[in-house]
Amino acid sequence: MLRKEQNDLLTQTGPATPMGDMFRCYWIPALLAEELPANDCPPVRIKLLSERLLAFRDSEGRYGLIDEFCAHRGVSLWFGRNEKGGLRCPYHGWKYDHTGQCIEVPSEPKESGFCNKIKLKSYPLIKIGDILWTYMGPADKEPPHPEWEFALVPPEQTFTSKRWQESNWLQAMEGGIDSSHVSFLHSGSLNSDPLFKGARGNKYNMADSKPFFEVTDNEGGLFIGARRNAEEGHYYWRVTPWVMPSFTMVPPRGNHPVHGHFWIPIDDENCWAWSFDYHPVRALTPEERQAMLDGKGIHVTYVPGTFRPAANKDNDYLMDREAQRLGVTYSGVEGIAMQDASLQESMGPIVDRTKENLVSTDNGIIMARHRLLKAVRAFKDKGITPPGVDPAHHRVRSAAVVLPVDQSYIDAAAEALTVIEGKAPASV
Amino acid sequence: MQLGLSESARATTAEEARFRIGYPNSRPRKSRIIALDSDSVAALKSLVDQASDGAHFLRYIEPKGATNSLKMLSVDAILEDIDGKRTNLVDEIADADVIVMVTSAGASAEAAEVIGNACFVRSKMTTGLVLNSASVPSEQLKRTLTTMRPFAAMLVVSTGAEYVSEMLSALRV
Ligand code: FES
Ligand SMILES: [Fe+2]
Chain D
1 MLRKEQNDLL
11 TQTGPATPMG
21 DMFRCYWIPA
31 LLAEELPAND
41 CPPVRIKLLS
51 ERLLAFRDSE
61 GRYGLIDEFC
71 AHRGVSLWFG
81 RNEKGGLRCP
91 YHGWKYDHTG
101 QCIEVPSEPK
111 ESGFCNKIKL
121 KSYPLIKIGD
131 ILWTYMGPAD
141 KEPPHPEWEF
151 ALVPPEQTFT
161 SKRWQESNWL
171 QAMEGGIDSS
181 HVSFLHSGSL
191 NSDPLFKGAR
201 GNKYNMADSK
211 PFFEVTDNEG
221 GLFIGARRNA
231 EEGHYYWRVT
241 PWVMPSFTMV
251 PPRGNHPVHG
261 HFWIPIDDEN
271 CWAWSFDYHP
281 VRALTPEERQ
291 AMLDGKGIHV
301 TYVPGTFRPA
311 ANKDNDYLMD
321 REAQRLGVTY
331 SGVEGIAMQD
341 ASLQESMGPI
351 VDRTKENLVS
361 TDNGIIMARH
371 RLLKAVRAFK
381 DKGITPPGVD
391 PAHHRVRSAA
401 VVLPVDQSYI
411 DAAAEALTVI
421 EGKAPASV
Chain G
1 MQLGLSESAR
11 ATTAEEARFR
21 IGYPNSRPRK
31 SRIIALDSDS
41 VAALKSLVDQ
51 ASDGAHFLRY
61 IEPKGATNSL
71 KMLSVDAILE
81 DIDGKRTNLV
91 DEIADADVIV
101 MVTSAGASAE
111 AAEVIGNACF
121 VRSKMTTGLV
131 LNSASVPSEQ
141 LKRTLTTMRP
151 FAAMLVVSTG
161 AEYVSEMLSA
171 LRV
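If you're matching them up, the sequences are chains D and G in order. Each step along the first sequence adds one to the number in full-length UniProt numbering, with nothing skipped, and position 285 is 285. Each step along the second sequence adds one to the number in full-length UniProt numbering, with nothing skipped, and position 61 is 61.
Hints may contain errors.
[Claimed, not checked] Using 25 angstroms as the maximum straight-line C-alpha spacing, the simulated DSS-like pairs for lysine-lysine come out as follows:
(1) G/K64 / D/K210
(2) D/K382 / D/K47
(3) D/K355 / D/K141
(4) D/K355 / G/K85
(5) D/K119 / D/K380
(6) D/K84 / D/K121
(7) G/K45 / D/K210
(8) D/K382 / D/K210
(9) G/K64 / D/K374
(10) D/K382 / D/K355
(11) D/K423 / D/K4
(12) G/K142 / D/K355
(13) D/K4 / G/K30
(14) G/K64 / G/K124
(15) D/K380 / D/K4
(16) D/K121 / D/K110
(17) D/K110 / D/K141
(18) D/K127 / D/K110
[What the hints assert, rightly or not] A partial selection of chain D residues facing chain G, derived with a Cβ cut-off under 10 angstroms:
(19) K117
(20) S122
(21) I126
(22) N315
(23) Y317
(24) M347
Just so you know, these hints were derived from the structure itself, not from any lab. We put the CB at the ideal spot given by N, CA and C, even for glycine.
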């Protein structure tokens, strides 16, 4: 349970809210690089942290993320002409460069310098991996670039998708650290999904549906360990890292690619669910890449031309009661991502956490909220940089390991939980 | 209400969320929060006032009826409440919904073993909260964890004592 004021604090992320300002301490994923595939390609409308923005790539390949609306009379620059080093408003021809600086006002004499006075709000937009990242905080506080492993490995080793989720970011993110739902909601997928099946660890999963948990805090966030019985004298551990504010990684299975998420507020009632899949030491196979494109694993298929999942609230998520009854899918919804999203959206746009009844196994969620509340207060009252800004906090991995019963994953798997370039993930 | 939307689309709007009535959906919980060492007793003392009536704060004193000769683990223990009144573990946990053991990293693990075992044989699950600090060698933390692990469905290692109250309020204790 959270009190109302705590819930408001964590779920409100617009400009000048404490949590919104805290999100603006981080480099966050803004667009897939493929959304701006070429110089002078069409601009893209994007809303982040309750702010309407426009992304474009100019004639020289420079990326810009600027206020969506023309400073003249407020036209959306989505209609703009992306030409000759800038974006020109089609209404009266004002032109802006990738920093939002106005570089031409055709009605004014060039010599007047009028256009120098006009500048749209803009944010840096940089490409790392398959993602265009932005930092929306004060320019003098810009942190070093992100160092998430999935974005730094060679392109053939990684795949990223995003989908629109119609709920507040926090209830989506909490699904990523809610390890106890996996034995139920996703139980149908373990042996059927091409990106999951066949791992030795799966048999421990199936044999023991009541895992015990161990939550450990660290500088950047948390580790959430779920343990099940393995062979005599051993436990099978699945360890999920959470890095503040909203990065989570799923423990690996066999030699499958490893996956994880970011949950980024669009506004308070919508968020982007980013889903990545990568292998630290090998290229993804053509079959794996195809499966990801086909919406398997944690990815989805889309309403064509959008990032809205094909199964969505407008078609009742293609609910299949027969599949539910037969246990093909536990909830009747197909696919891991939409199994999660359908339930999280069903809570309503912003879930009322004053009504929930958490139990002991929800301590991962309780601790994450606690860390967020603590960080947002420290940031707001004392200006303390929140955990997760430092790229050192990005260099984590998830792990699946079998350990003797007297070993703590936090010690025994310390290396496995850290990014070591060229080292295969710890997985069974 | 907008027409033409699917049931799910209509049901998940903010307007519809207003129709979730705040009926109580849980009866008050009974919880036992047991400090296993003196550091955690101190951490609990400050919480007593904020907690609900269903919460008892206790400290571990010693095992009871330990059958040392049989080399068997004790299944009961003597506890003491905040006012210094002694009680039996067995009586305390009989109708408890939530049992939380609080200890600090490196503290003697005997208490955890006794309480964990006593709860385990009665099919009561415990939550273990280990207050960690940077000054405690990881070997000592490991010892505490290893003892508690078999008996705690949830083990939380937290740096800083303020998590105790946060967790208890989240669990409606
Ligand atoms: S059982 Fe967890 S939300 Fe219903
Ligand atoms: Fe899930």
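Comparing the hints with the structure gives:
1. Simply put, G/K64 and D/K210 have alpha-carbon atoms about 31 angstroms apart, too far for the 25 angstroms limit, and the pair is violated.
2. The suggested pairing of D/K382 with D/K47 is violated, with an alpha-carbon distance near 29 angstroms, which exceeds 25 angstroms.
3. Distance hint between D/K355 and D/K141 is unfulfilled; the C-alpha atoms sit about 38 angstroms from each other, more than 25 angstroms.
4. Annotation: proposed proximity of D/K355 to G/K85 is violated, straight-line Cα distance about 35 angstroms (limit 25 angstroms).
5. Annotation: proposed proximity of D/K119 to D/K380 is violated, straight-line Cα distance about 28 angstroms (limit 25 angstroms).
6. With a C-alpha separation of about 21 angstroms, the suggested pair D/K84 and D/K121 falls inside the 25 angstroms cut-off, and the hint holds.
7. Among the hinted pairs, G/K45 with D/K210 is inconsistent with the structure: their alpha-carbon atoms are about 34 angstroms apart, more than 25 angstroms.
8. Distance hint between D/K382 and D/K210 is unfulfilled; the C-alpha atoms sit about 42 angstroms from each other, more than 25 angstroms.
9. The suggested pairing of G/K64 with D/K374 is violated, with an alpha-carbon distance near 41 angstroms, which exceeds 25 angstroms.
10. For the hint pairing D/K382 with D/K355, the CA-to-CA distance comes to about 32 angstroms; that exceeds 25 angstroms, so the pair is violated.
11. Distance check on the hinted pair: D/K423 and D/K4 sit about 45 angstroms apart at the alpha-carbon level, beyond 25 angstroms; violated.
12. Straight-line distance between C-alpha atoms of G/K142 and D/K355 comes to about 37 angstroms, which puts the hinted pair past the 25 angstroms bound.
13. Of the supplied pair hints, the one linking D/K4 and G/K30 holds, its CA atoms being roughly 24 angstroms apart against a limit of 25 angstroms.
14. A C-alpha spacing of about 18 angstroms is found between G/K64 and G/K124, which places the hinted pair at or below 25 angstroms, so the restraint holds.
15. Only pairs whose Cα atoms come within 25 angstroms are accepted, and D/K380 paired with D/K4 is accepted, the gap being roughly 19 angstroms.
16. At roughly 23 angstroms between alpha-carbon atoms, D/K121 and D/K110 fall within 25 angstroms of each other, so this suggested pair holds.
17. For the hint pairing D/K110 with D/K141, the CA-to-CA distance comes to about 35 angstroms; that exceeds 25 angstroms, so the pair is violated.
18. Proximity of D/K127 to D/K110 is assessed by CA-CA distance (about 34 angstroms); at most 25 angstroms being required, the pair is judged violated.
19. For the restraint placing D/K117 at the interface with chain G, the shortest Cβ-Cβ distance is roughly 40 angstroms, beyond the 10 angstroms limit, so the hint is violated.
20. The interface hint given for D/S122 is broken, as the beta carbon of that residue sits about 31 angstroms from the closest beta carbon of chain G, more than 10 angstroms.
21. Taking 10 angstroms as the C-beta contact cut-off toward chain G, the hint placing D/I126 at the interface is violated, the least distance being around 33 angstroms.
22. For D/N315, the interface hint holds, the least distance from its beta-carbon to any beta-carbon of chain G being 6 angstroms, beneath 10 angstroms.
23. Taking 10 angstroms as the C-beta contact cut-off toward chain G, the hint placing D/Y317 at the interface holds, the least distance being around 7 angstroms.
24. Given hint, D/M347 at the interface with chain G, holds; its Cβ is 8 angstroms from that chain's nearest Cβ, closer than 10 angstroms.
Hint compliance for this structure: hints 1, 2, 3, 4, 5, 7, 8, 9, 10, 11, 12, 17, 18, 19, 20, 21 are broken, all remaining hints hold.
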